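Based on these hints, arrange chain B on the given structure of chain A.
Protein sequence lines correspond, in order, to chains A and B. Take 1 as the starting number for the first sequence in the working numbering and just add one per residue. Take 293 as the starting number for the second sequence in the working numbering and just add one per residue.
These are computed hints drawn from the structure, not numbers from a lab. One thing to keep in mind: the hints can contain errors.
Derived DSS-like pairs: lysine-lysine, alpha-carbon spacing no greater than 25 Å straight-line [what the hints assert, rightly or not]: (1) K216(A) / K394(B); (2) K394(B) / K83(A); (3) K405(B) / K302(B); (4) K341(B) / K302(B).
The structure presented is a predicted model; accordingly, all values stated were derived computationally and were not measured.
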Amino acid sequence: MAKTMPLVGEEFVAGYRLQTEWATLIAAAFFFGKIGAGLFLMSLFTDSSVGALVGLLIVLIGKGGAHLLYLGRPERFWRALTKPGTSWVARGFWAMMVMMVSGALFLLAEPGSGVWWAAQIIAGVTAFIVAVYDGFLMNSSPSIPLWNTAMMPVLCLFYSLLGGTSLTLFLVDFGLTTVTIEETLLSNLEIILLVTNLIVVILYLLSMTNGTAAAKESLRLLLKGSFAPAFYILAIGVGLVFTLFMAYFIGVAGGAGVVALITLADLIGHYFIFFLFLRAGVYAPVLGKLTL
Amino acid sequence: MHLGMVIDLKRCVGCQACTIACKSENGTPPGVLFTKVLDQVAGEYPIVKKKFVPVLCNHCQDAPCVRVCPTGATTKREDGLVLVDHDKCVGCRACYVACPYKNRVFLKKGALKTGYFGGNQMTPFEKAKYPKWQEGTVVKCTFCVERVDQGLDPSCVQTCPADARIFGDLSDPNSKVSRLIRQRGGYQPQPENNTEPSVYYLE
Numbered sequence: 001m002a003k004t005m006p007l008v009g010e011e012f013v014a015g016y017r018l019q020t021e022w023a024t025l026i027a028a029a030f031f032f033g034k035i036g037a038g039l040f041l042m043s044l045f046t047d048s049s050v051g052a053l054v055g056l057l058i059v060l061i062g063k064g065g066a067h068l069l070y071l072g073r074p075e076r077f078w079r080a081l082t083k084p085g086t087s088w089v090a091r092g093f094w095a096m097m098v099m100m101v102s103g104a105l106f107l108l109a110e111p112g113s114g115v116w117w118a119a120q121i122i123a124g125v126t127a128f129i130v131a132v133y134d135g136f137l138m139n140s141s142p143s144i145p146l147w148n149t150a151m152m153p154v155l156c157l158f159y160s161l162l163g164g165t166s167l168t169l170f171l172v173d174f175g176l177t178t179v180t181i182e183e184t185l186l187s188n189l190e191i192i193l194l195v196t197n198l199i200v201v202i203l204y205l206l207s208m209t210n211g212t213a214a215a216k217e218s219l220r221l222l223l224k225g226s227f228a229p230a231f232y233i234l235a236i237g238v239g240l241v242f243t244l245f246m247a248y249f250i251g252v253a254g255g256a257g258v259v260a261l262i263t264l265a266d267l268i269g270h271y272f273i274f275f276l277f278l279r280a281g282v283y284a285p286v287l288g289k290l291t292l
Numbered sequence: 293m294h295l296g297m298v299i300d301l302k303r304c305v306g307c308q309a310c311t312i313a314c315k316s317e318n319g320t321p322p323g324v325l326f327t328k329v330l331d332q333v334a335g336e337y338p339i340v341k342k343k344f345v346p347v348l349c350n351h352c353q354d355a356p357c358v359r360v361c362p363t364g365a366t367t368k369r370e371d372g373l374v375l376v377d378h379d380k381c382v383g384c385r386a387c388y389v390a391c392p393y394k395n396r397v398f399l400k401k402g403a404l405k406t407g408y409f410g411g412n413q414m415t416p417f418e419k420a421k422y423p424k425w426q427e428g429t430v431v432k433c434t435f436c437v438e439r440v441d442q443g444l445d446p447s448c449v450q451t452c453p454a455d456a457r458i459f460g461d462l463s464d465p466n467s468k469v470s471r472l473i474r475q476r477g478g479y480q481p482q483p484e485n486n487t488e489p490s491v492y493y494l495e
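Just chain B, same shape as in the assembly:
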């Protein structure tokens, strides 16, 4: 099995519902985003169009972050998910620098001390979610591994109102993701880096 995602840029409306769903699912501190939607202009003046490009960890098959990690904290599972073991991470940020997509986040000292509303007071939600993170370590999108292990789609996929994100098994030629990539000419971001991302984009 090789889990991956297809993102249909024609469908994305830039509503950032995926961004919010991700934050809600993972309970990340302020300023920490595992996914977001970037604005990008397509075409050239005067014929231009604004497009939206959702970005997240690409769970690369030949992930530079796995290679450069000196502790083995970043690993790749058999199903292709690239995960970080926070207990092993020393916070050297070699993975952060090596990621061509800049999709990793470093949790600075104090990042878990203040919630969204400041004043050293945290909401019950933040109190429940923050213990899974560790300050001084690198964090990133896990494709919502806890949900995936239960057979569910990642939170961003489930939330997307435009059905722009599709999750599935890339190794199965009959899966929806494989068919979309085949039929619509799906492409990986920055293929020149030879990282074999598990996220494909459709235009």
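In isolation and in its complexed conformation, chain A is listed as follows:
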């Protein structure tokens, strides 16, 4: 369908319509879920119990809190566990619950014991699901072509790992935890993930150029429309380019202040890229071109 119709609001006119329901709070929930799960996964990799604890708390308080604030009927939140067979919301909720329980067991159990190993594996798998399920949730909306792509879970995974790596470096540089691998290795991993994320974002946007008219309208909004300033400055400029520049040319050698700045810039970019992807979601008109 060629884009011959306007972008409209709630007026009684046929056209492309913006997605408006999932915005600030859902973006916050996705953001906290990804960085918390990423930090937890990185903590398993670097053997940092403080990192694992902080990761769990970010998911529980940040993600859980944002979801509860967003729900129309938060007192019924438990009902969202009902249908994991078909609903990614339910699957994500289940993964989050199991991650909390197994993560707590992992932190409390005797290191090296059977319970410790089992809890570590279960918590790791469920943290991975928490990191990527947002992508599947958005991908499962046939209505919004910008989200309905297999690249969305990939984007979520890489952003989650990047957020986790940045936060691990932050905790290490501020003396809040120790890790079993070299800090320079973590720093190099962050640079690799920043480059990877930049490539994945570019590929994501390129894939939209071959999409439907609604996908192209979303792309126009992101790259040339009302969301373009925030996209270029916050999501790409601060979140990836500035972070990459700082991490590559200064990095951990710059001390805790620089690492804090890199982490902050990374997190700002992380929040805004998904917030903008949510906001730029466009529905196609109900009917295509009508005949005379």
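Same frame as chain A, but now just chain B:
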């Protein structure tokens, strides 16, 4: 039985009588519309014509809203009607986002506190109708399920002065809706989404 609707765009005059009938039947709060008629331009300049496109929940047979609902609040009946159990809805709006036709409405906090005339005063009609809704939940067209269960047509169908909306059993090849779809080449909105809508349009 597979209940569905056929909308004849040639007949629709854009009077919005269906919109008003729906609001009257359902007693929805201000700003909440289960059906409405959109203006759309057909053709290209200089040969153009204004057409009217009534929209409502399509009661899809493979409804994304049913799939994505985490609580089972949105269900599909055997006769094809997609309904929302407001007692089960948590207001996550996954269904709202997943609906390709954007035909769901979220009742925000406070939506049922003020009527059409403001000032926290509600008319007897609003007082009678509002208790069936719940704030913080998602609502949508039910094809006037209470009327359908009594063997009546949905309110919008009954009201349409141009006979542009026809309601019936899509699974019966001899029903008026099936014959119209067959004879006039009725088509579903956005078939590329594979949601199998129960609403067909005729041009």
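For each hint, the structure was consulted:
1. As the CA atoms of K216(A) and K394(B) are separated by approximately 19 Å, the hinted pair is consistent with the 25 Å bound.
2. Only pairs whose Cα atoms come within 25 Å are accepted, and K394(B) paired with K83(A) is accepted, the gap being roughly 23 Å.
3. Of the pairs offered as hints, the one joining K405(B) and K302(B) is violated, with about 40 Å between alpha carbons and a cut-off of 25 Å exceeded.
4. The hinted pair formed by K341(B) and K302(B) meets the criterion: a straight-line CA distance of about 12 Å does not exceed 25 Å.
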